[in-house]
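Q: Using my numbering, you'd call the opening residue of the sequence shown number 320 and step up by one each time.
Since the hints were derived computationally from the structure, they do not count as laboratory data.
Warning: the hint list may mix true and false statements.
To be verified - SDA-like mimics (lysine to any residue), calculated; alpha carbons at most 20 Å apart, straight line:
#1 429 to 477
#2 427 to 470
#3 480 to 467
#4 480 to 535
#5 429 to 440
#6 480 to 539
#7 470 to 533
#8 533 to 483
#9 535 to 508
#10 535 to 516
#11 535 to 502
#12 422 to 533
#13 427 to 471
#14 533 to 544
#15 470 to 450
#16 471 to 390
#17 427 to 411
#18 470 to 395
#19 471 to 403
#20 370 to 391
#21 535 to 422
#22 470 to 487
#23 480 to 544
#24 422 to 443
#25 370 to 450
#26 535 to 391
#27 427 to 383
#28 471 to 518
#29 384 to 395
#30 471 to 384
#31 487 to 515
#32 504 to 471
#33 480 to 538
#34 384 to 402
#35 535 to 491
#36 470 to 526
To be verified - FRET-style restraints, in silico, Cβ to Cβ:
#37 476 to 516: 19 to 27 Å
#38 513 to 423: 25 to 33 Å
#39 474 to 507: 29 to 37 Å
#40 376 to 538: 18 to 26 Å
We put the beta carbon where it would ideally sit given N, CA and C, even for glycine.
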Amino acid sequence: MKVIKISTVLLLISLLAACATQTLVPVSVVLGGNADSLKNEYFPIEPLIAKSQVEISENGQMVEKDIRTLSNAQKLGYLGDTRVVVTLAKETASGELSYLTGKVTGEKGKYVAFMDYANFFIDDLSDGSTVIGRARVGVGLRLVARIQTNKKGIDLGSILKIGFAANKSELSGELEVRAIGVTSKEIQDLLPGSLPNLDESSIQRALEAMAAVKTKIHDPATSVQPRIMAVALNETNMLDKAGVKPEKG
């Protein structure tokens, strides 16, 4: 099982000027552990406003604009990909998150599962002068499950499997539903916030809330501001430039 270890030591990096069609890196943390594991693996980050330069059709011509200046409809129209992805991380004794490529727990302990529903596009991730990876830029929902397992060998590959294990008392924990890049009064009212008991009932409530919020993403009253939701690095020798802050449980 491959592990992506993310240190919690903060490293402040000044944002550089925008460059072509690249997403600039935000304030970073030091990325440690097995550097080779980081290549080409997407991991969720704390969502930050994207400053991507994108091309859109205007008066019969393609023009380049900052995605933040587009209308809500134009922003949503640019997010051509939709995906639901679950990312699993183990919380170490020092509070670090070790991202796992497998979904079955190797030992009992604390885990965090991130389930992202995202409408997105892929952009280059840049430090202002060099492309260091790729970013998923978009809007959507993130379900965060903080889990304490009671044994090893539990399949945490989907939220339903997590609920099944909770029903068998193999784990405990809590849930949180977050909207990313979209907001309105209706969306705020629909979000259940933190659900202190991880069980089939709370999972059902969380999934119902996510389904309801998804129907509001294209509402005229919804404000849309695409975020950097996940990143992947393409060169291990560029880790010191990787201006990303891993999502925390």
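Q: Each of the hints needs a verdict: does it hold here or not?
A: Consistency of the hints with the structure:
1. 429 to 477: holds (17 Å)
2. 427 to 470: Roughly 5 Å between the alpha carbons, so the hint for residue 427 and residue 470 holds.
3. 480 to 467: holds (14 Å)
4. 480 to 535: violated (27 Å)
5. 429 to 440: violated (32 Å)
6. 480 to 539: With a Cα-Cα distance of about 36 Å, the restraint between residue 480 and residue 539 is violated, given a limit of 20 Å.
7. 470 to 533: Roughly 35 Å separates the two Cα atoms, so the pair is violated.
8. 533 to 483: Given pair residue 533, residue 483 is violated - Cα atoms ~25 Å apart, limit 20 Å.
9. 535 to 508: holds (12 Å)
10. 535 to 516: It is violated: about 27 Å lies between the C-alpha atoms, which goes past 20 Å.
11. 535 to 502: Answer holds: residue 535 to residue 502 is near 9 Å, not above 20 Å.
12. 422 to 533: violated (26 Å)
13. 427 to 471: Given pair residue 427, residue 471 holds - Cα atoms ~5 Å apart, limit 20 Å.
14. 533 to 544: holds (15 Å)
15. 470 to 450: Status violated; Cα separation ~42 Å.
16. 471 to 390: violated (49 Å)
17. 427 to 411: Given that 20 Å is the threshold and the Cα spacing comes to 11 Å, the pair holds.
18. 470 to 395: violated (43 Å)
19. 471 to 403: Distance ~26 Å between residue 471 and residue 403 Cα, so the pair is violated.
20. 370 to 391: holds (15 Å)
21. 535 to 422: violated (31 Å)
22. 470 to 487: holds (12 Å)
23. 480 to 544: Violated: residue 480 and residue 544 sit about 32 Å apart, past 20 Å.
24. 422 to 443: violated (28 Å)
25. 370 to 450: holds (15 Å)
26. 535 to 391: holds (13 Å)
27. 427 to 383: violated (50 Å)
28. 471 to 518: Measuring from Cα to Cα gives roughly 19 Å; hence the hint holds.
29. 384 to 395: holds (15 Å)
30. 471 to 384: Roughly 50 Å between the alpha carbons, so the hint for residue 471 and residue 384 is violated.
31. 487 to 515: Roughly 18 Å separates the two Cα atoms, so the pair holds.
32. 504 to 471: With Cα atoms ~42 Å apart, residue 504 and residue 471 exceed 20 Å; violated.
33. 480 to 538: violated (32 Å)
34. 384 to 402: violated (25 Å)
35. 535 to 491: violated (31 Å)
36. 470 to 526: Since the Cα atoms of residue 470 and residue 526 sit roughly 26 Å apart, the hinted pair is violated (cutoff 20 Å).
37. 476 to 516: 19 to 27 Å: holds (21 Å)
38. 513 to 423: 25 to 33 Å: At 27 Å between Cβs, range holds.
39. 474 to 507: 29 to 37 Å: holds (34 Å)
40. 376 to 538: 18 to 26 Å: Holds, since residue 376 and residue 538 (Cβ atoms, about 24 Å apart) stay within the stated range.
Comparing the model with each numbered hint stated earlier shows that hints 4, 5, 6, 7, 8, 10, 12, 15, 16, 18, 19, 21, 23, 24, 27, 30, 32, 33, 34, 35, 36 do not hold.
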